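Number of protein chains: 2
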Amino acid sequence: MSEPFPRAAVALPDPAVADVADLTAAVCDIPSVSGEEGALADAIAAALAPYDHLEVLRDGDAVVARTNLGRDQRVVVAGHIDTVPVKDNLPTWRRTTADGTEELWGRGATDMKGGVAVALHLAAALTAPRWDVTWVFYDHEEVHADLNGLGRLVRVHPEWVTGDLAILGEPTAAGIEGGCNGTLRADVRLTGRTAHSARGWRGENAVHRAGEVLARLSTYQPREVEVDGLVYREGLNAVGIRGGIASNMIPDECVVTVNYRFAPSRSPHEAERHVREVFDGYEVTVTDLAGGARPGLDHPLVAGFVSAVTAVTGGAPGPKYGWTDVARFAELGVPAVNFGPGDPMLAHADDERVPVDQIRVCADALRGWLA
Amino acid sequence: MSEPFPRAAVALPDPAVADVADLTAAVCDIPSVSGEEGALADAIAAALAPYDHLEVLRDGDAVVARTNLGRDQRVVVAGHIDTVPVKDNLPTWRRTTADGTEELWGRGATDMKGGVAVALHLAAALTAPRWDVTWVFYDHEEVHADLNGLGRLVRVHPEWVTGDLAILGEPTAAGIEGGCNGTLRADVRLTGRTAHSARGWRGENAVHRAGEVLARLSTYQPREVEVDGLVYREGLNAVGIRGGIASNMIPDECVVTVNYRFAPSRSPHEAERHVREVFDGYEVTVTDLAGGARPGLDHPLVAGFVSAVTAVTGGAPGPKYGWTDVARFAELGVPAVNFGPGDPMLAHADDERVPVDQIRVCADALRGWLA
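Chains A and B are the protein sequences, given in the same order.
One point on numbering: in the numbering used here, the residue at position 195 of the first sequence is 195, and numbering is uninterrupted.
One point on numbering: in the numbering used here, the residue at position 230 of the second sequence is 230, and numbering is uninterrupted.
In isolation and in its complexed conformation, chain A is listed as follows:
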């Protein structure tokens, strides 16, 4: 390092010495709704700049800090720094529940500034990790995929984000969730012929024709597929339907939008073929298609990470059902897992919060494995 970074307008505490829960609160308290990550990116870059064991790089509002110790393997630890819009839930506050759990409340507490704080803390504190480490803090995860900061780094600076294992700090309640399912969206379009509904027999009703499409969805039997030791549950669902433009017209078009979530052992191409088979005879337009990521638990580095974490947390790894940015690493051929504090069911909720212990457990487990 290090190129001269501008002094951040809002400073973070020294990440190496700060308590990781306090650091999470400080990271949350610099608002960073997608598109407005500049202040937090500046603060992260400024906080890491003093550490000579790190090379700090910047692309837009993504900050990458990495060691160059000549280790034979490299671990990438990544997390997005943006959040969904604030809803009167900043600054953060703390609450202790009836059963004694200390929680940090506020926008980003769950998704995913706890994971960001863990990475920021360890990036500064671990001056000589067991493997080289690349710490990635990126922008624009909560908006359209075209804007995704990690996707941009993969395209523009693939050498900044490659390695032998990637750990994405998305909330998993401090468990390991391996890989992720792929996702496909398609429009199944039915057509007919319009007519005045007073003389409906002159038309052909496109909405009525959708009944067969819905029947196929209702009777569809989703698979459960074991991949690298984890069982992925698939799903095929209508996520929308629309038809009809006037209350006295026979609709000449009806569109059923379906979402297929498929196991990472199935390629995007195979997923598309499957959906076309299910809706054989109908007009199918794929509008969105992203492959999943295999969990890679049979990879020695991943196995070591799993052992180290489960020794601390006691929980066995499970599959990740939702599509996450781990799939971007899969595209680079890098096995990737999700591991971070916070209940994923609370992501984006107005009452999002994170148990402080989970932040500490994640930091301890990752430190134990990397140190």
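Since the hints were made in silico from the structure, they are not lab data.
Computed from a predicted structure; not experimentally measured.
Any given hint could be a false lead.
[What the hints assert, rightly or not] Okay, the calculated bits of chain A under chain B, using three or more residues with CB under 8 Å as the criterion: (1) 181-189; (2) 200-207; (3) 241-254; (4) 257-266; (5) 320-328.
[To be verified] Every beta carbon over 12 Å from chain A, so not counted as near; a handful from chain B, in silico: (6) Thr92; (7) Arg94; (8) Gly100; (9) Trp105; (10) Ala173; (11) Ser265; (12) Pro268; (13) Glu272; (14) Gly281; (15) Asp298; (16) Gly314; (17) Glu331; (18) Ala371.
[Said to hold, decoys possible] Far from chain A, some chain B residues (derived; all Cβ distances over 12 Å): (19) Ala18; (20) Asp19; (21) Asp59; (22) Gln73; (23) Arg95; (24) Arg155; (25) Arg199; (26) Ser247; (27) His299; (28) Val312; (29) Ala316; (30) Lys320.
Beta carbons: idealized from backbone N, C-alpha and C, even for Gly.
Given chain A, put chain B in place with the hints provided.
Leaving out everything else, chain B in the frame of chain A:
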């Protein structure tokens, strides 16, 4: 009578002596989009004011002219004077088709200023009709039913619009179309439980549940019902469907909007009961319900009218499938038929037009019967 009416800003030719096709063009050339009928209503009132055999009444932009000759029966001839918006199709122009048909083109030519001109002409010309006649020119037919001028007269001045037979001058290509079907709209609502589509099994998909509703619609066998000698064809159709709010959410609501067109022998109450039976087990909300009108062809006055018209036109009467304002007369217990120049399929079309001969045939047939 008459009460002093303001002099109209735009005058019509003397309706008693004008050629009825020229009169149609003049009526069209005073634009009268719904809500802006004032100039035409003024012109109609002013054109009829000089005729001492008529009592001319006004309510808003509706004009009613009636004879009070002490006849034992009264015929109501009604038509709306408003049009849908002008689309570069005024002033009117004439064209002769390749097969020699002379046509009048322009907004309102079909729907329904030909019928208005026929009524206006005969109102002035027939000083001593065989029955008393009430000529009704009303506003706001092409917009929401709550604004309908005939509906307003029925509510506010029912004595202005009652009689023994009503003839509505809507376009029927100079044929008699008796009565009309009723119409019912209802929302069939399916509910479920939302979930992220990556974990669809945690939700219950409301769109999938709509499949059974669409299956019932697809297999529904509509009735054909003979009423007073005419066969009414019914229909039950989805006119709209909507469900889903996000492409990664299991929809927790789906609404199928259905439209039931029912024969005039079935009451609105019976129609509603039928629809609720068809969708038994589902949440059904009726949003719109209007009964039909029986054709009343067995009524001696109607039978006489039919004989007189068919002697001129040569065509047998048929049923009216679309709901029209004849049903407002049915509410008053007045049998009513549709009879006017113009192809109803051209109503509202940018290229709406009327064969000039049809205007003359309608005027001749009505004159022959009333004189």
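Beyond 12 Å from each Cβ of chain A, as asserted for Ser247 (chain B): 5 Å, violated
Assertion that Gly314 (chain B) lies farther than 12 Å from chain A (Cβ): 24 Å, holds
Check the non-interface label on Ser265 (chain B): least C-beta distance to chain A beyond 12 Å or not. 17 Å, holds
12 Å Cβ clearance of Arg95 (chain B) from chain A: Non-interface label on Arg95 (chain B) holds, nearest chain A Cβ at 26 Å vs cutoff 12 Å.
Please count how many residues of the region 320-328 of chain A have a CB within 8 Å of a CB from chain B and say whether that reaches 3. It holds: at least three residues are needed, and the region 320-328 of chain A offers 3 whose Cβ sits within less than 8 Å of chain B.
Just double-check Ala173 (chain B) for me: nearest Cβ-Cβ distance to chain A has to come out over 12 Å. With a cut-off of 12 Å, Ala173 (chain B) remains clear of chain A, as the shortest Cβ separation is near 15 Å.
Taking the shortest Cβ-to-Cβ distance between Asp59 (chain B) and chain A, state whether it exceeds 12 Å. 28 Å, holds
If we take the beta carbon of Gly100 (chain B), is the closest beta carbon in chain A still more than 12 Å away? Holds, because the least Cβ-Cβ distance between Gly100 (chain B) and chain A comes to about 29 Å, which exceeds 12 Å.
So is Thr92 (chain B) really clear of chain A, every C-beta pair being over 12 Å apart? 25 Å, holds
Can we trust that His299 (chain B) is non-interface, i.e. its beta-carbon lies farther than 12 Å from all of chain A? Answer for His299 (chain B): holds, closest chain A Cβ roughly 24 Å.
Does Arg199 (chain B) clear chain A by more than 12 Å, comparing its Cβ with all Cβ atoms of that chain? Per Cβ check, Arg199 (chain B) is inside 12 Å of chain A; nearest 5 Å; violated.
12 Å Cβ clearance of Trp105 (chain B) from chain A: Given that every Cβ of chain A is farther than 12 Å from that of Trp105 (chain B), nearest at about 22 Å, it holds.
The structure fails hints 25, 26 and 30 (numbered hints given earlier, in ascending order).
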